[in-house]
Amino acid sequence: MNERGILSTGERRQPVTRVVFTGLIAAVLACLAIVAAGPILWLAKSAVSTSQDILRDPFGWWPSGIRWGNLAEAWNGMDIGRALANTVYIAAGNWFFGLLVALTGGYSLAILRPRYAGAVSAAVMATLFIPGVVSLVSLYLTVIDVPGLGANLINSYWAVWLPAAAHAFNVLLVKNFFAELPKEVFEAAKVDGANSFDVFWRIVLPMSRPIIAVVSLLTLVSAWKEFLWPLLVLPSPDLQPLSVVLYKISATAETSTLIAAMFIAVILPLVFFLLFQKQFLRSAGRAGAVKG
Amino acid sequence: MPRSDTLQGAMTRWVRHGGAGKLLFTTPLLIVFGLFAWWPILRSLVLSFQRTNLVADPAWVGLRNFSRVLADPLLVTAAWNTAWFTLLALVIGFPVPVLLAVFIGELRRTRTITSVLVYIPIIIPPVVAVLLWKQLYDPSEHGLLNTVAGWAGLGPFPWLQSAETAMPSIVVQATWAGFGTTTIIYVAALMSVPPELYEAAELDGAGVLRRVWHITLPQLRSVILLMLILQVIGTFQVFTEPYVMTGGGPDNSTITLLMLIFKYAFVVGDFGKATALSLMLAVFLTALSAVYLRATREWKPS
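Quick mapping for you: the protein sequence lines, in order, are chains W and R.
Residue numbers are given in my numbering: position 35 of the first sequence equals residue 35, and the series is strictly consecutive.
In short: position in the second sequence from 1, add 292, done, that's my numbering.
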């Protein structure tokens, strides 16, 4: 990076600025490490501590010894293993249907542009501006008795997957991305006799890898975070994801077991983030660029 | 010979021009948005004027749902708590990401590690984050935060157990969970500030703080204004944090409007009343954003 920021390269070299700036960096990094990572490290430490140690001596390094058994107790006794599998299943469905709707919809609205594209785009965007609270209750009543199908989706993962796919922001991201692809490529393919399916499969999808990555990360992270909606539509304990199960057991579970269960719930997203940090940071930035 | 314009002819031409393919690609979006976005929004309008309890058939009740909401003494408490949450979240949580992003924008070698640290709370599922902070807020003198306060000779504080401190404690947790997202968005927006502006300011002898004040912040203006209203809209609909942290207590001091809607609909089973309150909140938020967007459009940067 050779472009200047607020400080110029010359200023950065000045001894006084350098000392002050380095000191500031150290201070901010230390603060961030304590504030942002601190609670997670404490969670990791407490996941293998006794309840007594967690409650009596939160800063002690295992005064009563490390207790690996917490993790097994949470996994088996609290059914965290099943809850984790449910969470993965929900996230996978949200990912698949979210991507399906965003990619096909974005392709239609940005590239195929049927006559009704303008009206559909406007109706999709409108849902971005209408506060989500409007449809919480009516969405629940819709899921209980889906119009036209007469189906009750309660205690079915469809009740989570399909409403999550109606995500205007993802459609907007994909549509904007497609709108910037070079038009000549599609025109040339059409002249060569390719129909809209060929163009989608052979040209558009291979060019969409960056936006697929962005939408995938955003969808997976938000699926992992869902709480209120699965709480409402998945009353059966066998189907509930981690968020709901953790909330349900939080009132009665032994502290050490609960903390171990919480730790299990964060490991997967945390490792996933550390592996793909570049993609995560880029997708968050891109999401912001659309809002701006 | 001109083809006669029958329905069949029109259909054939439509298919030949790719109309069917276009419709097929739009279908997943139309089905999903139709059933789970557009229909529920329209249905809310109907529901709020009906009595719906899933037992009896829905019946029209005029404005009675609205008047029953307004007659609920908890409404004022919940509205006040929600506004208090929003205000505290603005005061505590709004400036931090802006300052942090300006700082991150200046980093070179430590930029990645800083961004990773900022991002960590975003990855944590809200229920885990809330339950974790609930543990940190343990009111005994051995609680983690009370231990830290004890080092400074303060406390122990009751945190979530007292009506005065419960809401600020929830806001601190919510800020912790949310500041990363906004920071990363500001960092991305900073990339588009033209370096020549800083160049010129430096030549004019402007110091670092004046460059931030006169260049960086004005250049971020539109993003900052947008994030502000998005945050207000988001915090007015806060649910998970108070619901999991305190369940609305102590003494209803942390019950929010969304928790009230939840209670009407899913505890009492009074869907009409719940929808009426949802609609009132939505209309208020939409009006607020409309006024805000109009007001901020007028202060053009000079």
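None of these hints come from the bench; they were simulated from the model.
We treat Cβ as the ideally placed atom computed from N, Cα and C, and that holds for glycine.
Treat the hints with care, since some could be wrong.
Straight-line C-alpha distance at most 30 angstroms; calculated DSSO-like pairs for lysine-lysine [said to hold, decoys possible]:
1. R:555 x W:278
2. R:555 x W:45
3. R:426 x W:225
What follows is a set of in silico ranges between Cβ atoms, one per label pair, in the way DEER data are often shown [said to hold, decoys possible]:
4. W:56 x R:338: 25 to 31 angstroms
5. W:193 x R:338: 31 to 37 angstroms
6. W:191 x R:304: 53 to 59 angstroms
7. W:194 x R:576: 49 to 55 angstroms
Verification of the supplied hints:
| no. | hint | result |
| --- | --- | --- |
| 1 | R:555 x W:278 | violated (41 angstroms) |
| 2 | R:555 x W:45 | violated (37 angstroms) |
| 3 | R:426 x W:225 | holds (18 angstroms) |
| 4 | W:56 x R:338: 25 to 31 angstroms | violated (56 angstroms) |
| 5 | W:193 x R:338: 31 to 37 angstroms | violated (49 angstroms) |
| 6 | W:191 x R:304: 53 to 59 angstroms | violated (22 angstroms) |
| 7 | W:194 x R:576: 49 to 55 angstroms | holds (51 angstroms) |
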